[in-house]
Amino acid sequence: MSLEQAIRLLIIGIEVGSIYALVALSVVLLYRTSRVLNFGQGELALLACFLTFTLTSRMGVPLWLSFLAGLAASAVAAGAFYFFLMRRAKAQDPMGLLILTLGFSLFANGGLSLLFGVDNKQMPGFVDVIETWQIGNFSISKNSVLVAVAGLILMIGLYFFVQKSKIGLAMRAVSQNPEVAKALGIPVNVVLVSSWAVAAILGSAAALLLAPAISLNPSLMLDPLNKGFAAAVVGGMTSLPGAVLGGYLLGIIEAYVGNFVPAFKLALAFILVILVLVFRPHGLLGEKETRRA
Amino acid sequence: MTVLLEAKNVTLRFGGVTAVNDVSFTVGANETVALIGPNGAGKSSLFNCITALYKPQVGNISFMGQELTKTSPDSIASLGISRTFQNIELFGGLTVLENLLLGRHQHLKVNLFHAMLGTPTWVKSEVEQIKRAEAMIELLELQPYRDRRVRGLPYGVQKIVEIGRALVSEPKLLLMDEPVAGLTTDEKDELVQRLGELKNELGLSILLVEHDIRVVSSLAERIVVLEYGRKIADGTPEQIRNDPVVIAAYLGEEAQTLEGQKK
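Chains as they are written, first to last, in our numbering: chain G, 82 to 374; chain L, 118 to 380.
Rather than coming from a laboratory, the hints here were simulated on the basis of the structure.
This one's a predicted model, so the numbers in the text were calculated from it and none came from an experiment.
Please note that a few of the clues may not be correct.
[Said to hold, decoys possible] Listed below are the simulated SDA-like cross-link pairs for lysine to any residue, each with C-alpha atoms no more than 20 Å apart in a straight line: (1) G:346 - G:135; (2) L:316 - L:211; (3) L:241 - G:249; (4) G:247 - L:236; (5) L:241 - L:265; (6) L:241 - G:87; (7) G:202 - G:112; (8) G:247 - L:203; (9) L:248 - G:244; (10) G:369 - L:120; (11) G:247 - L:345; (12) L:305 - L:210; (13) G:247 - L:305; (14) L:316 - L:125; (15) L:305 - L:265; (16) G:245 - L:305; (17) G:247 - L:248; (18) L:248 - L:269; (19) G:369 - L:214; (20) L:248 - G:248; (21) G:369 - G:307; (22) G:369 - L:247; (23) L:125 - L:174; (24) G:247 - L:171; (25) L:241 - G:246; (26) L:305 - L:361.
[What the hints assert, rightly or not] Derived list of chain L stretches under chain G, where covered just means 3 residues or more per stretch with a C-beta under 8 Å from a C-beta of chain G: (27) 183 to 197; (28) 211 to 221.
[Claimed, not checked] Computed footprint of chain L on chain G; a stretch qualifies when at least three of its residues, placed anywhere within it, have a C-beta under 8 Å from a C-beta of chain L: (29) 136 to 150; (30) 247 to 258.
Glycine included, every Cβ here is placed at the ideal spot set by N, Cα and C.
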């Protein structure tokens, strides 16, 4: 493999890895605060994409404004889903809640298909996906750079939000001990609604960054969501830095392996998951679960 | 003395079991009251009624005129009641400072709008919260642990941090569930002395549940004794020690075992 090709694959890996990392972050954020996996994450992201697409391509709203509207819509939908269904569900065991999100996912996918159609749509992006920058005789896709940089900015933003803001501190408190957080007067419901909203924003941002490079249709998020879950497991379900590491790692490994053994690309993520679960169940950076007696 | 907390005829049942049976007592301003009694006497159940975790079927608990039985656990703190737990319940993954900041939560009167725009109101509030937390760290001599994660700290230090988190909210009433449980004798003495000082310094009102009779006698001005969910005595440590009913029911148990050991 030439150096040029190695770099090209690395850039693809980082681009795809940013998408995986964002999805993994949304998975981990929710898991940490609500102890639940949300299969509906993909549909929340789809909602953001379809809305952005409709606003921009059909109604002529500026892209950035549609983009923000899409993110806001999925945040509101996620918050409402938690507040009205998850929180009130009589089945509060992890399995019951998991099935609830699965049901929501399938139902929402059907609903979105009905509303927006199942055909392939060309999602507008901030840069033309075929445009490149030429550095010597080396060309680099503008879209790849945009995705990688936007992903990085979102992750840094999330870090400051979780580590430095009051609501981020409250989120970490609720994730560690909701009962005590309640006793301290922390409005646990507000915190949980916010974490669902933030998780939806992360997942939707991933989808909005991804969609211009491929076509927008109701199965857009199927693969990224699988990979995002895988990256979250590899990184450690409870670790936000782990999710980022898992995402990039998976993206980069996939890019290289996919280049030589394309047929194996899809299975790769799950080989990693199996290895992690067998040999290091708390993931690369996750903390070992210590349960109180 | 002004009555701060008043429980009236509180009865709590779990199915067929009556955990708390028609209990009434008060805690006055600047007063320390101890709830004692053998295991299963209903101390913790009564405690949980005050923090609104349990809803008694009968009776009222009022705190400065507010009815606690009709409120929710997360609004107790804003009324001016904070608590410590039997098995320290800190946020282990967070630092000492962060734990204390969480104790300041109900003093945050700024909304999301201010926070997102970073308005002067927000900055002022933020600075104020950190200042209060720092002051508490200083008061409790926790400076060396300020930015350390709580999880790795010695048990005795964690106890102090938890008390700090409860006090930093400037409560009118502090509830303590077995504050010296799990401490060595030396640590107990130190903590009792600390609490005594804090009490005088901050003018605290404390309601504590405690087994250790030495601790209770040195901290509490008044003792309420429970047995099988009923209140069997209420008075000064002196009165309680000489109360024949208490001796028979509670101290008697120990006296008997002591006699048993002698033989």
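Results of checking the hints against the structure:
no. : hint          : verdict
1   : G:346 - G:135 : violated, 33 Å
2   : L:316 - L:211 : violated, 27 Å
3   : L:241 - G:249 : holds, 19 Å
4   : G:247 - L:236 : holds, 15 Å
5   : L:241 - L:265 : violated, 26 Å
6   : L:241 - G:87  : violated, 52 Å
7   : G:202 - G:112 : violated, 32 Å
8   : G:247 - L:203 : violated, 27 Å
9   : L:248 - G:244 : holds, 19 Å
10  : G:369 - L:120 : violated, 48 Å
11  : G:247 - L:345 : violated, 44 Å
12  : L:305 - L:210 : violated, 26 Å
13  : G:247 - L:305 : violated, 34 Å
14  : L:316 - L:125 : violated, 26 Å
15  : L:305 - L:265 : violated, 24 Å
16  : G:245 - L:305 : violated, 36 Å
17  : G:247 - L:248 : holds, 15 Å
18  : L:248 - L:269 : violated, 25 Å
19  : G:369 - L:214 : violated, 24 Å
20  : L:248 - G:248 : holds, 19 Å
21  : G:369 - G:307 : violated, 23 Å
22  : G:369 - L:247 : violated, 31 Å
23  : L:125 - L:174 : holds, 12 Å
24  : G:247 - L:171 : violated, 29 Å
25  : L:241 - G:246 : holds, 14 Å
26  : L:305 - L:361 : violated, 28 Å
27  : 183 to 197    : holds (count 6)
28  : 211 to 221    : holds (count 5)
29  : 136 to 150    : violated (count 0)
30  : 247 to 258    : holds (count 8)
The structure shown violates the earlier hints numbered 1, 2, 5, 6, 7, 8, 10, 11, 12, 13, 14, 15, 16, 18, 19, 21, 22, 24, 26 and 29.
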